[in-house]
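Number of protein chains: 6
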Amino acid sequence: MTDFSRSGARAFDALRTVSITRHYTMHAEGSVLIAFGNTQVLCTASVEEKVPGHKKGSGEGWVTAEYGMLPRATHTRSDREAARGKQSGRTQEIQRLIGRALRSVFDLKLLGERTIHLDCDVIQADGGTRTAAITGAFVAAQDAVNWLMAQGKITQSPILNPVAAISVGIVQGTPLLDLEYVEDSACDTDMNVVMTGAGHYVEVQGTAEGVAFTRAEMDQLLALADKGIRELIQLQKAAY
Amino acid sequence: MTDFSRSGARAFDALRTVSITRHYTMHAEGSVLIAFGNTQVLCTASVEEKVPGHKKGSGEGWVTAEYGMLPRATHTRSDREAARGKQSGRTQEIQRLIGRALRSVFDLKLLGERTIHLDCDVIQADGGTRTAAITGAFVAAQDAVNWLMAQGKITQSPILNPVAAISVGIVQGTPLLDLEYVEDSACDTDMNVVMTGAGHYVEVQGTAEGVAFTRAEMDQLLALADKGIRELIQLQKAAY
Amino acid sequence: MTDFSRSGARAFDALRTVSITRHYTMHAEGSVLIAFGNTQVLCTASVEEKVPGHKKGSGEGWVTAEYGMLPRATHTRSDREAARGKQSGRTQEIQRLIGRALRSVFDLKLLGERTIHLDCDVIQADGGTRTAAITGAFVAAQDAVNWLMAQGKITQSPILNPVAAISVGIVQGTPLLDLEYVEDSACDTDMNVVMTGAGHYVEVQGTAEGVAFTRAEMDQLLALADKGIRELIQLQKAAY
Amino acid sequence: MTDFSRSGARAFDALRTVSITRHYTMHAEGSVLIAFGNTQVLCTASVEEKVPGHKKGSGEGWVTAEYGMLPRATHTRSDREAARGKQSGRTQEIQRLIGRALRSVFDLKLLGERTIHLDCDVIQADGGTRTAAITGAFVAAQDAVNWLMAQGKITQSPILNPVAAISVGIVQGTPLLDLEYVEDSACDTDMNVVMTGAGHYVEVQGTAEGVAFTRAEMDQLLALADKGIRELIQLQKAAY
Amino acid sequence: MTDFSRSGARAFDALRTVSITRHYTMHAEGSVLIAFGNTQVLCTASVEEKVPGHKKGSGEGWVTAEYGMLPRATHTRSDREAARGKQSGRTQEIQRLIGRALRSVFDLKLLGERTIHLDCDVIQADGGTRTAAITGAFVAAQDAVNWLMAQGKITQSPILNPVAAISVGIVQGTPLLDLEYVEDSACDTDMNVVMTGAGHYVEVQGTAEGVAFTRAEMDQLLALADKGIRELIQLQKAAY
Amino acid sequence: MTDFSRSGARAFDALRTVSITRHYTMHAEGSVLIAFGNTQVLCTASVEEKVPGHKKGSGEGWVTAEYGMLPRATHTRSDREAARGKQSGRTQEIQRLIGRALRSVFDLKLLGERTIHLDCDVIQADGGTRTAAITGAFVAAQDAVNWLMAQGKITQSPILNPVAAISVGIVQGTPLLDLEYVEDSACDTDMNVVMTGAGHYVEVQGTAEGVAFTRAEMDQLLALADKGIRELIQLQKAAY
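Heads up: the protein sequence lines correspond to chains D, S, P, F, B and Y, in order.
Oh and the first sequence: position 207 is 207 in full-length UniProt numbering, straight run, nothing missing.
Oh and the second sequence: position 201 is 201 in full-length UniProt numbering, straight run, nothing missing.
Oh and the third sequence: position 65 is 65 in full-length UniProt numbering, straight run, nothing missing.
Oh and the fourth sequence: position 144 is 144 in full-length UniProt numbering, straight run, nothing missing.
Oh and the fifth sequence: position 8 is 8 in full-length UniProt numbering, straight run, nothing missing.
Oh and the sixth sequence: position 61 is 61 in full-length UniProt numbering, straight run, nothing missing.
Bear in mind the hints are in silico, worked out from the structure with no lab data behind them.
One thing to keep in mind: the hints can contain errors.
You can't tell identical chains apart in this list, so a pair holds if it fits in one copy or across any two.
What the hints assert, rightly or not - Quick list of in silico lysine-lysine cross-link-like pairs, DSBU-like style, CA-CA up to 35 angstroms:
#	residue 1	residue 2
1	K86	K50
2	K109	K56
3	K237	K153
4	K227	K50
5	K227	K237
6	K227	K86
7	K237	K50
8	K227	K56
9	K109	K55
10	K237	K55
11	K86	K55
Take these sequences, add in the hints, and give me the full structure.
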């Protein structure tokens, strides 16, 4: 389709090597290290037996996410958000996205009045941290739900569907699946797609970084994303 | 296509009444009050003869946006962000979106080392504040560019294309154009589309609020958005 | 009295054109756009069925105010306070003044345990924003009280008296009523007076910006303020 | 004039015992502990050989003030502002007042491009802390100016006039000079007056805490303030 | 032992002149001005009839400390922490140390569910502010306990032991007791020791500012600190 | 010496299993994962070619540290400091300690005008995070120095000595080396010791959590710490 050459001779429609390590740290109810190539994100799921104010007395639970990047996860060191005293707009945007993505596959009534906190911390960044975070957070959330069932706190799983996410983009005219950092920096269009195991969209966020994109390009990107997410959902299942 | 009934007998594919008032306030280089039905946003464009750090010495300018909502623009009063001491994640997400949308149609080299600040303040909210903000900010930016040319500060317009935005969504199974608040609250899928005058996408942000959406639904929504944005771009032109 | 010449041939003891537009926005219980010449302030009154901590259980209500200025309400753009993360000392001083002024004409017992929030947002500034805010906030508060009575939530109005405010100052030796921006910038003495419909003082705040002022000058200024406020109170009444 | 009885049989028009201790701490260029009865404020003047941004290159200096209250200066402990992470509106209002008062008697050109910082910290509070602060800060500023002249940094004093301040108020119908805390809490009207040695006003800030006040009452209060400030200015001189 | 010469011909193992003034301010339950030479710290103890969240319902009380430095307590003016909007790491470290030191001699059960707040504010700094603060805070806490007993709120003192603190250090090879500022700036090793009346350690914090220190040097420093603290505890007792 | 039984039958004077993994992440000039038993800290060293203000023009460099804990590194999730908007006092205390410890073994002149940032992020916590951080940060700093030399930016190493740290404490009367979490929670005295390869102290911080400690106990603890640090310095060397 193009002659743009990817690192490691990766095909334009191939994911990077994905690894999913469960039980990565010992305290959390769910703890997953997910790698998309060199991008590594630690996703923990913590169960708390209370809900935020807007859910009190509703009989429903809540699922929420926070995202962070270690200062030297990136090529050049970035300021520590805790030291600067606030989270950047980018950080907030990403953690809101992760939270919405995960809530979309939860039946909050079945969860009961408790919260699952998903903490996604980027240990090493090479593009695609938000999509790796969503994909890994789902596995951590699944482990937390299994823990709740093993503890007898709930008897039916509140998870309705798996969910995963991938980035796609157009680099030098070529649509590519799962962008790594050098591709992401060079791309004209960048799209993040979140999809359920049923093949339905939860989020589609496409942005023209340089030239605006056409409907035909969008269709190509969505097709690539479909392929990638179906593979990721298989890999999530294989982690059990 | 459906029997969902909109306020004022509006058709599923009709915009609300749009009004664009230029020169709304007297100090700004561009000042536009835009209304999408009951939603009213004041968009001002301010020219500053300097650029942020990452553009210093580049010979390029910068275009940036800030967004705010008056505390009682909404049904119930919300806290004043200045009093609370920080902007919400939602506010930051929206102002980043407006900034990207406007930069996508600017040639920053032609702008020269100066900044255009776009301030979008919601006077009254009834759904679609971010899309009204982008559509109005473009007109304000155009006025600021005209002012720069009239002043002899630039000789060629840095604006490459018009840009406008609209929301679309699926409410009770019906795809609708330009959601007002009651529709937005009830919708299963909500999509904001930003498009240039050439009919190319700058941003597509679709979110499943309830049920995940299918590819077929997405295609319907994109078609509606296309129609709406073409009309908005005509209305922007008619404001001159 | 002097040969200082005001814009539009305004007399030294004349108010600018005042306009008071009720029901300016649709959600608030009281919503007033007030203009003192080119100065335009949107004043909304929001009723909340609870009181701050220091009034809980007292049987009394509370009236409080917040003040803001849109970034480009002024000649040159000022930073957005929400983005900077704090309100300036000036902002806090003004909103405390508005709150005290309005509380001075309220019987908080008759209001009952509820709060009226007055939000005064400057859309366009040309001097006198705080006095316009007080004068407009009173009308918004009156509308909120009327709404409470129409709802049957209270049977007797807690408003004891009208209240309005005006600025006076000495410019090039001449005492002037209702300073606009160019006069305010040039004045030696600047005084803001808040007075009830009974002609009694609620606040008198005089500041020597340049040369300190004498008792005789102060007497002249107070006489001008009296005249202006009596006219404003007539205009408030005429708005009904 | 009334039968309201003051502590220590103080006359309605008498100051509390005032003491002014120069060289109270050893590091500052001016350091004054001032007491108005039980109210004690430490006022230091620090000379810094630079000016804030808006004065750079102007050839003029700057005089600025900050105000603080030790947490247990008051009857019940108040939160430490440094721990809470922000200064209250009251604190900012007071420090802006002190700064304006002191600048009103300075010729900033004669000061040269340097700053005098006045820090007014309340060690013990019993009403009148802002007026004691202004009165003491003037003495500290005088000492800093003397130090600058002794160092040969300036040859002519930039101080044009002395300045002092006092509170007056109406308690149970009686106008009183120099309110202490119990009087301040009970008063209907509270006025702070700042006046130069020439008997001219720098600031007049009158507030009706309860009932609005008449012009006749205001005249009585201004007369009391005049008397008090003339005495304070004698006491400032006597401190040398 | 050395020929390093101290100001005022002070011996290497001598404290500076210590003075302890009780009842220094009038509102606090305990109020002590303590001086170690030119270092002056005002220590107040405030009793509050509630406890922080982690002690609610425990039947135990809490003892906590805050520390501040007036801006011109030092040679050159430092920024006011309340104005900067946060306490420095140094400030937090010191106030945590004071809190731990005081809690170490309290039986929190005997105190009952109430809090003693210790506010240590440095009026003038010349080295050793944290050790003076601990030594003075103990006296203020003792006075607050006496007040609680006099009020009949407790019948048995919760204080188990006196506690005091001193700094020691090595300057130009010489171990010195109670460093003043010029010594502290020049020292290679700086150690703060907190000890009870029983001669047991509560805290030992030794830091090599320049060259790392040996075990032999540490033993010398600990011996000096022992001597100093025994004298301070006598001076605390003599204050009654 | 005692019959207190440690997990895994560890001797009272034995370190936990220590592992030091260099090149743990790919972007940083030094990147070390250090484990003391279940405690895991990622220490990265980042070289920046500039220095903070107080070192500008001095010809000297700077070494500084920041410390963080992932929210679910601990038994129960703790708030994310970036979301709360400030670092706790504990965090600041620890990062100041790490910075001082590392600077104590650096010749800042030999480093030249550049900064080494040490970021110590706790992935999993089980006691001793600050001592693991110092011990690992030294290895990361060493790798950053090696990188600087390989790049030809410096020709002589600015590192004078290795440095490492360990905790010791008294639990149920028994002095123990390298406390894990359950021991740390139960201990009466907790001491952190930082020592150079030459066996000299950089920091000694002993705190009585419960009962104050005697000189004899302190001597026992220091002896244990000596033993542990000598072993750690061997392990640092073995990592090359």
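Now for the hints, and whether the structure bears them out:
no., hint, in the structure
1, K86 - K50, "both (25 angstroms within a copy, 24 angstroms between copies)"
2, K109 - K56, "both (12 angstroms within a copy, 32 angstroms between copies)"
3, K237 - K153, "within (24 angstroms within a copy, 49 angstroms between copies)"
4, K227 - K50, "neither (38 angstroms within a copy, 46 angstroms between copies)"
5, K227 - K237, "within (16 angstroms within a copy, 42 angstroms between copies)"
6, K227 - K86, "neither (37 angstroms within a copy, 40 angstroms between copies)"
7, K237 - K50, "within (29 angstroms within a copy, 48 angstroms between copies)"
8, K227 - K56, "neither (40 angstroms within a copy, 43 angstroms between copies)"
9, K109 - K55, "both (11 angstroms within a copy, 34 angstroms between copies)"
10, K237 - K55, "within (31 angstroms within a copy, 46 angstroms between copies)"
11, K86 - K55, "both (26 angstroms within a copy, 23 angstroms between copies)"
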